[in-house]
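Chemist: Here's the letter readout for the chains.
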Amino acid sequence: MSTKLPVEDNVVRYVRKRQLRRDSDGNVIGVLPDAFNRREREESFLKLA
Amino acid sequence: MTSNVAMYLNRGWRDRLFAQLDDLLNVEDWHEDDEPLLDRSFCTFLRLILYQKPERRPGLGLSHRGHLIAAWTTGADRLTLECAPDDTIRWVLSCEVNGERERAAGETHVARLPEILRPYGPDRWFADVDQAPG
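Going line by line, the protein sequences match chains A and B. Going by the numbering used here, the residue at position 42 of the first sequence is 46; the numbering climbs one at a time, nothing skipped. Going by the numbering used here, the residue at position 69 of the second sequence is 97; the numbering climbs one at a time, nothing skipped.
Simulated from the structure, these hints should not be mistaken for laboratory data. Given the structure is predicted, the values throughout are model-derived calculations rather than measurements. Everything hinted at is true.
Chain B stretches covered by chain A per the calculated footprint, using a threshold of three residues with CB under 8 Å from any CB of chain A: (1) 57–66; (2) 87–94; (3) 97–104; (4) 108–120.
Cβ atoms here follow ideal geometry from the backbone N, Cα and C, with glycine treated the same way.
With the sequences and hints as input, model every part of the structure.
Modeler: The structure is reproduced here in structure tokens:
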């Protein structure tokens with residue numbers, strides 16, 4: 005059974021417009037999997053709040 | 029490039045697709061380390077549309093490598109296709125099959141994609157009589 009992340013463990017990552025999941029009318033409905041891929045120059049994509 | 033296949037897409041479908049691309053590639057939302065859309069990725073995307081003939085337009089995104097991403101979402105059922113160069117498609121899906129949630133991913137040639145998606149009932153994503161491409 006899944007549980008929610010505790011508040012102190014929440015992680016925020018900035019998602020670029022190009023990596024937003026949209027419907028065919030352009031409405032934002034989520035985030036594309038590519039937003040969670042680490043880029044070559046990144047040591048980590050997680051930034052702790 | 030698009031002019032070679034434009035006759036297979038109806039005017040409304042094509043115009044809306046170009047509007048989606050213009051919005052996606054808007055320079056005001058560009059970051060200095062963003063890769064531009066690769067021509068060879070767009071070529072794969074056009075072949076995807078011709079082979080798969082989706083009636084519903086996809087939502088569009090762009091990978092950090094400059095690959096066009098086409099996504100269809102119906103409720104909780106999601107299909108995401110990354111158009112890589114040389115007619116390569118990286119696909120990820122999550123959908124309900126016989127009451128069970130099924131997730132799958134892979135990489136294939138664009139011409140084989142219809143066969144790969146067939147067991148998952150792709151009309152759940154592609155069928156929409158109001159948005160027929162041609």
